[in-house]
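Q: What follows is each chain in one-letter form.
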Amino acid sequence: MTLQDLLPARGFQYNFAFIDEGAKREVRRALLKAVALPGHQVPFASPELPIARGWGTGGLQVTMSLIGPNDVLKIIDQGCDGSVNAVNLRKLLVATTGVRTTFDSREATLMQSRHRLPEIPMTEGQIAVLQVPLPEPLRLVEPSEVETRRMHAEGDYARMWVSLYEDVVQNGSVSLSWGYPCRVNDSYIMSPSPLPRWDLHMLHQAEHLTLLGAGREKRVYAVPPHTSVRPLEFDDLPFTVENFAGLSCVRCGSTDTFLDEIYDEETGKSFRVCSDSGYCDLVREGKIRVRSAAHA
Amino acid sequence: MIRCVALSKTFLMHMRGGTRIDAFRDVSFAVEKGQFLGVSGPSGSGKSSLLKCLYRTYLPSSGEVWYTDGRSETRNLAAADEHLIMKLRRHEIGYVSQFFPVIPRVSAVDTIANGMVARGFPRPESEKRARELLGRLAIPRPLWDMFPSTFSGGEKQRINIIHAVIAQPRLLFLDEPTASLDAASAREAVSLILELKAQGTAMIGVFHDKELLSRLSDQIIEMKS
Amino acid sequence: MHDETVLVAARNIGKTWGPECEECRVRTGPEQGTNICPRCGTVVALRDISFELHEGEILGLVGESGSGKSTLVQCIYFDLDATDGRLFFRGCEDGENVMELPRIQKRRIRGRLMGMVYQNPLCGLRMDITSGANVAEKLLEADVFHFARIRARAGELLASTEIPAAYMDAFPRVLSGGMQQRIQIAKALANNPPLVLLDEVTSGLDVSVQARVLDLIRELQRERGMSMIVVSHDMGVIRLLADRTLVLKNGCVVERGLTDQILEDPQHPYSQLLVHSTL
Numbered sequence: 039m040t041l042q043d044l045l046p047a048r049g050f051q052y053n054f055a056f057i058d059e060g061a062k063r064e065v066r067r068a069l070l071k072a073v074a075l076p077g078h079q080v081p082f083a084s085p086e087l088p089i090a091r092g093w094g095t096g097g098l099q100v101t102m103s104l105i106g107p108n109d110v111l112k113i114i115d116q117g118c119d120g121s122v123n124a125v126n127l128r129k130l131l132v133a134t135t136g137v138r139t140t141f142d143s144r145e146a147t148l149m150q151s152r153h154r155l156p157e158i159p160m161t162e163g164q165i166a167v168l169q170v171p172l173p174e175p176l177r178l179v180e181p182s183e184v185e186t187r188r189m190h191a192e193g194d195y196a197r198m199w200v201s202l203y204e205d206v207v208q209n210g211s212v213s214l215s216w217g218y219p220c221r222v223n224d225s226y227i228m229s230p231s232p233l234p235r236w237d238l239h240m241l242h243q244a245e246h247l248t249l250l251g252a253g254r255e256k257r258v259y260a261v262p263p264h265t266s267v268r269p270l271e272f273d274d275l276p277f278t279v280e281n282f283a284g285l286s287c288v289r290c291g292s293t294d295t296f297l298d299e300i301y302d303e304e305t306g307k308s309f310r311v312c313s314d315s316g317y318c319d320l321v322r323e324g325k326i327r328v329r330s331a332a333h334a
Numbered sequence: 069m070i071r072c073v074a075l076s077k078t079f080l081m082h083m084r085g086g087t088r089i090d091a092f093r094d095v096s097f098a099v100e101k102g103q104f105l106g107v108s109g110p111s112g113s114g115k116s117s118l119l120k121c122l123y124r125t126y127l128p129s130s131g132e133v134w135y136t137d138g139r140s141e142t143r144n145l146a147a148a149d150e151h152l153i154m155k156l157r158r159h160e161i162g163y164v165s166q167f168f169p170v171i172p173r174v175s176a177v178d179t180i181a182n183g184m185v186a187r188g189f190p191r192p193e194s195e196k197r198a199r200e201l202l203g204r205l206a207i208p209r210p211l212w213d214m215f216p217s218t219f220s221g222g223e224k225q226r227i228n229i230i231h232a233v234i235a236q237p238r239l240l241f242l243d244e245p246t247a248s249l250d251a252a253s254a255r256e257a258v259s260l261i262l263e264l265k266a267q268g269t270a271m272i273g274v275f276h277d278k279e280l281l282s283r284l285s286d287q288i289i290e291m292k293s
Numbered sequence: 032m033h034d035e036t037v038l039v040a041a042r043n044i045g046k047t048w049g050p051e052c053e054e055c056r057v058r059t060g061p062e063q064g065t066n067i068c069p070r071c072g073t074v075v076a077l078r079d080i081s082f083e084l085h086e087g088e089i090l091g092l093v094g095e096s097g098s099g100k101s102t103l104v105q106c107i108y109f110d111l112d113a114t115d116g117r118l119f120f121r122g123c124e125d126g127e128n129v130m131e132l133p134r135i136q137k138r139r140i141r142g143r144l145m146g147m148v149y150q151n152p153l154c155g156l157r158m159d160i161t162s163g164a165n166v167a168e169k170l171l172e173a174d175v176f177h178f179a180r181i182r183a184r185a186g187e188l189l190a191s192t193e194i195p196a197a198y199m200d201a202f203p204r205v206l207s208g209g210m211q212q213r214i215q216i217a218k219a220l221a222n223n224p225p226l227v228l229l230d231e232v233t234s235g236l237d238v239s240v241q242a243r244v245l246d247l248i249r250e251l252q253r254e255r256g257m258s259m260i261v262v263s264h265d266m267g268v269i270r271l272l273a274d275r276t277l278v279l280k281n282g283c284v285v286e287r288g289l290t291d292q293i294l295e296d297p298q299h300p301y302s303q304l305l306v307h308s309t310l
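Chains as they are written, first to last, in my numbering: chain A, 39 to 334; chain B, 69 to 293; chain C, 32 to 310.
Treat the hints with care, since some could be wrong.
Said to hold, decoys possible - Estimated spans, in silico, between C-beta atoms of each pair:
hint: 1; chain 1: C; residue 1: 207; chain 2: A; residue 2: 86; range: 41 to 47 Å
hint: 2; chain 1: C; residue 1: 223; chain 2: B; residue 2: 206; range: 26 to 32 Å
hint: 3; chain 1: C; residue 1: 48; chain 2: A; residue 2: 83; range: 33 to 39 Å
Stated by the list, open to error - Here are some, though not all, of the chain C residues that point toward chain A, as calculated from beta-carbon distances under 10 Å:
hint: 4; residue: 133
hint: 5; residue: 142
hint: 6; residue: 160
hint: 7; residue: 170
No wet-lab data here; the hints were simulated from the structure.
Beta carbons are placed, not taken as given, at the ideal position from N, Cα and C, and that holds for glycine.
Let's have the full structure, built from the sequences with the hints guiding it.
A: Structure representation (structure tokens):
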């Protein structure tokens with residue numbers, strides 16, 4: 039007897055989208071609950087995956103639970119379809135589903151992302167799945183899970199506000215750059231995952247559905263379409279976004295997108311490119327016009 | 069204004085195995101507006117205890133104290149609700165004793181003025197009046213802004229009197245108010261008291277000085293040991 | 032100013048810890064001299080406490096350890112859930128028993144209507160945020176979200192409790208015990224609550240510091256006219272502050288009356304013991 043004799047005849051068959059149908063159903067149940075309670079974190083038990091915790095398993099499971107053969111999938115990390123993590127996740131999903139993929143956000147039915155939403159606002163019928171490292175916005179002020187759950191249940195958010203107050207006292211303004219706490223549906227406070235401040239307005243009264251998954255912490259939450267999402271701000275200190283005044287993308291010339299700073303070691307110079315590489319490509323290929331209006 | 073009916077006070081000291089001590093028995097009297105009732109009797113006959121029972125610092129053991137207030141309502145103070153007593157003490161009934169009301173660390177002027185302010189008078193007016201009376205009773209000017217706890221016995225006594233008199237109570241109890249005063253201050257204090265009496269305040273007072281007592285009183289009751 | 036209106040009414044408030052049995056009631060209390068039921072071990076911390084607090088009045092609670100005075104105040108402030116009894120606040124929930132309300136409503140009532148100063152500043156303050164932030168927290172609980180206004184009000188309150196402006200952005204742990212108490216007082220007053228609860232606020236402070244804190248409390252009460260419940264084992268504090276007093280022993284009220292009457296003519300054997308034990 040050889041090893042060859044022990045292996046199954048046709049090789050191991052993965053289930054469509056890797057996880058079994060029972061698991062998918064349970065995740066979908068959790069997602070329905072999350073959609074019914076905007077901003078509320080719903081616990082779920084996540085099955086084993088070929089990707090380690092902390093590398094996007096939360097978002098991955100949500101995508102795996104929702105994806106069907108007719109979906110068109112886009113996956114980005116830091117706004118770029120070509121980054122290592124995005125590539126790996128896409129390979130896994132394509133290998134287990136065979137679905138069509140795209141770099142053009144307008145074509146995607148499911149878009150999984152870490153850190154960005156596309157520059158072109160998503161529409162009805164599209165679902166954004168965000169990967170979340172730390173789903174609990176109150177962890178900033180409270181280490182105990184029991185206590186943060188109570189705080190959410192009782193709407194006891196004063197300590198979150200106090201940390202913003204202290205931030206302003208010390209730094210002149212709120213210095214959080216990503217994961218800026220937002221009030222969803224005038225109810226729960228949620229962390230919008232690593233989305234930069236720039237993107238938050240796209241969650242507010244959106245046409246699309248946003249689902250957020252945290253694999254390591256085992257929570258999902260959601261922002262349904264047409265739901266208010268308001269970053270916490272003091273009445274007299276309005277929320278501001280990142281400032282790219284006077285800067286533009288060297289590849290496509292946009293002055294109104296979220297820009298990454300790239301440092302060229304050889305020339306010693308730094309320059310800016312659109313974080314949303316898909317958008318940048320579309321502009322360069324002449325497929326869409328550069329928007330003229332300033333952002334947000 | 070105040071009518072006392074068969075008032076008695078007995079102390080029950082539980083710590084001494086339930087010893088009973090009679091302070092006084094069966095006291096009755098009536099006092100009208102502007103009248104002065106003098107209380108006289110030997111030491112230990114319960115004169116101070118009587119005043120304290122009327123003021124409700126002591127709980128009378130039996131009997132009634134019928135008081136007609138500024139709104140012409142009559143109630144038995146011996147059995148009245150604490151809140152009523154608080155209200156009357158604040159607005160209508162005053163008490164001067166040898167012991168200073170314990171509010172440390174408030175200046176003489178403020179101690180006195182606060183009494184008036186509590187009855188609704190504006191602060192500037194209250195302070196002005198307080199200063200007038202302090203001057204009248206010859207309290208040295210530098211002491212006006214100091215704490216009475218540092219004053220001499222006689223000075224404290226004068227603060228006491230002014231404090232009780234300033235807001236023009238309808239009924240005033242006096243327990244040896246001139247005991248530690250020199251002749252001049254005592255005279256001034258008495259004239260203040262008489263002014264108040266002329267304005268219609270009813271008074272019940274204990275004075276060890278028999279001559280003074282008979283001069284002030286419209287009626288006198290004798291307490292027996 | 033004293034007023035005829037009742038601000039807070041408590042009816043038969045009870046607090047027990049343990050399984051409870053039929054004998055708890057008869058085998059604990061002031062006559063038995065114990066809080067612990069010999070049969071089932073239940074601690075009867077409070078039993079049948081009833082009182083009314085009028086607007087602008089200061090009520091004293093005296094008693095020794097085990098009397099239940101702190102427990103009572105914690106039940107009123109919703110730090111603890113009472114086992115029995117009802118509590119009513121004027122102008123609140125249409126005269127319903129507030130103890131039956133869900134926590135989220137209790138929290139609102141607490142923020143709006145009550146201020147609390149604990150004996151230990153660690154209970155009432157958060158040491159990891161500045162003194163200004165401690166006061167700000169109370170304002171934020173009451174939905175004041177205007178930064179400049181929060182800053183101004185916190186500054187005002189700290190000034191009124193004689194905390195130098197420079198300490199507004201300092202952490203409480205670098206400040207003295209007396210100052211920490213004053214920050215608590217500032218915080219308790221933040222939303223102008225009609226009721227302020229003070230639980231042994233000067234115990235453990237140096238006498239001169241005690242005096243300052245007490246004077247401050249007296250002065251603030253005189254200016255603002257809020258009602259207070261003052262818990263103390265120190266008769267001097269009660270005499271200084273309270274108009275009326277309840278004497279508690281083993282979870283029950285054994286005597287109640289005007290403070291001067293309790294101090295000069297105590298009726299109940301235990302009250303007499305307490306008063307005559309005072310140095």
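Q: Using the Cβ atoms, figure out if residue 48 of chain C sits within 33 to 39 Å of residue 83 of chain A.
A: Holds - the Cβ-Cβ distance for residue 48 of chain C and residue 83 of chain A, about 36 Å, lies within 33 to 39 Å.
Q: At the C-beta level, are residue 207 of chain C and residue 86 of chain A separated by a distance inside 41 to 47 Å?
A: violated, 56 Å
Q: Does residue 170 of chain C pass the interface check with chain A, least Cβ-Cβ distance below 10 Å?
A: Residue 170 of chain C check passes; min Cβ-Cβ to chain A is 9 Å, inside 10 Å.
Q: Tell me if residue 160 of chain C is really an interface residue toward chain A, meaning its C-beta lies closer than 10 Å to one of theirs.
A: It holds, given that the least Cβ distance between residue 160 of chain C and chain A is near 6 Å, below 10 Å.
Q: For the hint on residue 133 of chain C, does the least C-beta distance to chain A fall short of 10 Å?
A: holds, 9 Å
Q: Taking the CB of residue 223 of chain C and the CB of residue 206 of chain B, does the distance hold inside 26 to 32 Å?
A: violated, 43 Å
Q: Close enough to count: is the Cβ of residue 142 of chain C nearer than 10 Å to one in chain A?
A: holds, 8 Å
The structure fails to meet hints 1 and 2 from the earlier list, while all remaining hints are met.
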